[in-house]
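If you read the sequences in order, they're chains A and B.
Note that the first sequence covers residues 34 to 145 in this note's numbering.
Note that the second sequence covers residues 166 to 280 in this note's numbering.
Calculated from the structure, these hints are not laboratory results.
For each residue, glycine too, the CB sits at the ideal point set by N, CA and C.
Some hints here could point you the wrong way.
In silico BS3-like pairs for lysine-lysine, Cα to Cα no more than 30 Å straight-line [to be verified]:
id, chain 1, residue 1, chain 2, residue 2
1, A, Lys-137, B, Lys-243
2, B, Lys-207, A, Lys-104
3, A, Lys-50, B, Lys-207
Partial list, computed: chain A residues near chain B (C-beta under 10 Å) [stated by the list, open to error]:
id, residue
4, Ser-61
5, Ser-64
6, Asn-65
7, Ser-79
8, Ile-82
9, Gly-93
10, Ile-134
11, Val-143
Pair ranges (Cβ atoms, derived) [unchecked claim]:
id, chain 1, residue 1, chain 2, residue 2, range
12, B, Thr-278, A, Ser-142, 19 to 29 Å
13, B, Ile-203, A, Ser-142, 18 to 28 Å
14, A, Ser-142, B, Val-177, 43 to 53 Å
15, B, Arg-187, A, Gly-74, 16 to 26 Å
16, A, Asp-72, B, Val-177, 15 to 25 Å
17, A, Ser-145, B, Glu-166, 27 to 37 Å
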Amino acid sequence: KNQVEQSPQSLIILEGKNCTLQCNYTVSPFSNLRWYKQDTGRGPVSLTIMTFSENTKSNGRYTATLDADTKQSSLHITASQLSDSASYICVVSGQAGTALIFGKGTTLSVSS
Amino acid sequence: EPEVTQTPSHQVTQMGQEVILRCVPISNHLYFYWYRQILGQKVEFLVSFYNNEISEKSEIFDDQFSVERPDGSNFTLKIRSTKLEDSAMYFCASGGSGIPTGELFFGEGSRLTVL
Numbered sequence: 034k035n036q037v038e039q040s041p042q043s044l045i046i047l048e049g050k051n052c053t054l055q056c057n058y059t060v061s062p063f064s065n066l067r068w069y070k071q072d073t074g075r076g077p078v079s080l081t082i083m084t085f086s087e088n089t090k091s092n093g094r095y096t097a098t099l100d101a102d103t104k105q106s107s108l109h110i111t112a113s114q115l116s117d118s119a120s121y122i123c124v125v126s127g128q129a130g131t132a133l134i135f136g137k138g139t140t141l142s143v144s145s
Numbered sequence: 166e167p168e169v170t171q172t173p174s175h176q177v178t179q180m181g182q183e184v185i186l187r188c189v190p191i192s193n194h195l196y197f198y199w200y201r202q203i204l205g206q207k208v209e210f211l212v213s214f215y216n217n218e219i220s221e222k223s224e225i226f227d228d229q230f231s232v233e234r235p236d237g238s239n240f241t242l243k244i245r246s247t248k249l250e251d252s253a254m255y256f257c258a259s260g261g262s263g264i265p266t267g268e269l270f271f272g273e274g275s276r277l278t279v280l
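Excised from the complex, chain A in its bound form (with noise of 0.2 Å):
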């Protein structure tokens, strides 16, 4: 069955430091991997997206990482603001079809 997995389920850190979101998928054959960023009550907005060929991709203080070998991936964030409180979902793509595969996400709260 394809799912997507997110670790941890949830994050405190303090304000300018650094964290790591993690992301297992089971998705086959696999197309893309996307990681949006979903404020309380919004809609999820675009980070980055990764295909099978690309290891890395940043977008500002955002780095994401893809090992398509072990269908693992992760989000980077460097020195957080208090606006990158959010929940951070790691989403796949397989190459038929047209639905996405969200995964739970991770809820991110960054504090003074």
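Given the structure of chain A, go ahead and fit chain B onto it with the hints provided.
Only chain B this time, still in chain A's reference frame:
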């Protein structure tokens, strides 16, 4: 910056009633999607729509649901005979190119509360 807009932002309805959620996708996009998110749970795919036809639908998208593109700009999700378990945030998304490779832009969502 172009964005996907959804209305209403929040709708409260009685069980058994019909609701229509509306979406205005980004103007030059051709691929449209509906997703839902029950409170505290993950986002779930409902249906994808391209060229005025449903491309794919999930098990959730049964006869209770329907989608339409009534004109060139709007994309609607109709839910008939609403049930308590239909209470969720419903997200519309659009893309200029299709999944699996295309970027997807989500609206802010319509929160449906069924009493």
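Verification of the hints:
For the proposed pair Lys-137 of chain A and Lys-243 of chain B, the alpha carbon gap of about 26 Å is at most 30 Å, so the pair holds. Between the alpha carbons of Lys-207 of chain B and Lys-104 of chain A the distance comes to roughly 20 Å, so the proposed pair stays at or under 30 Å and holds. Between Lys-50 of chain A and Lys-207 of chain B, the direct Cα distance comes to roughly 27 Å. Compliance with the 30 Å bound is thereby established for this hinted pair. Interface hint status for Ser-61 of chain A: violated, as the beta-carbon distance to the closest one in chain B is roughly 13 Å, over 10 Å.
Annotation: Ser-64 of chain A was flagged as interfacial toward chain B, and the flag holds, the nearest CB pair being 4 Å apart, inside 10 Å. For Asn-65 of chain A, the suggested interface contact is upheld, since its CB lies about 6 Å from the closest CB of chain B, less than 10 Å. A cut of 10 Å between beta carbons decides the hint on Ser-79 of chain A: the least distance to chain B is about 6 Å, and the hint holds. With a cut of 10 Å, the hint placing Ile-82 of chain A at the interface with chain B holds, because the nearest CB-to-CB distance is about 7 Å.
With a cut of 10 Å, the hint placing Gly-93 of chain A at the interface with chain B is violated, because the nearest CB-to-CB distance is about 16 Å. Satisfaction of the interface hint for Ile-134 of chain A is found here, the shortest Cβ-Cβ separation to chain B being roughly 8 Å, below the 10 Å cut-off. A hinted interface residue such as Val-143 of chain A counts as satisfied when its beta carbon comes closer than 10 Å to some beta carbon of chain B; here the least separation is about 21 Å, so the hint is violated. The hinted range of 19 to 29 Å is satisfied by Thr-278 of chain B and Ser-142 of chain A, whose Cβ atoms lie roughly 26 Å apart.
Distance hint for Ile-203 of chain B and Ser-142 of chain A: a CB-CB separation of about 22 Å, consistent with the stated range 18 to 28 Å. Roughly 30 Å separates the CB atoms of Ser-142 of chain A and Val-177 of chain B, a value that falls outside the hinted 43 to 53 Å. Between Arg-187 of chain B and Gly-74 of chain A the Cβ separation comes to about 19 Å, which falls inside the hinted range of 16 to 26 Å. The hint said 15 to 25 Å for the Cβ distance between Asp-72 of chain A and Val-177 of chain B, and at roughly 23 Å that hint holds.
Remark: the range hint 27 to 37 Å for Ser-145 of chain A to Glu-166 of chain B is upheld by a beta-carbon distance near 29 Å.
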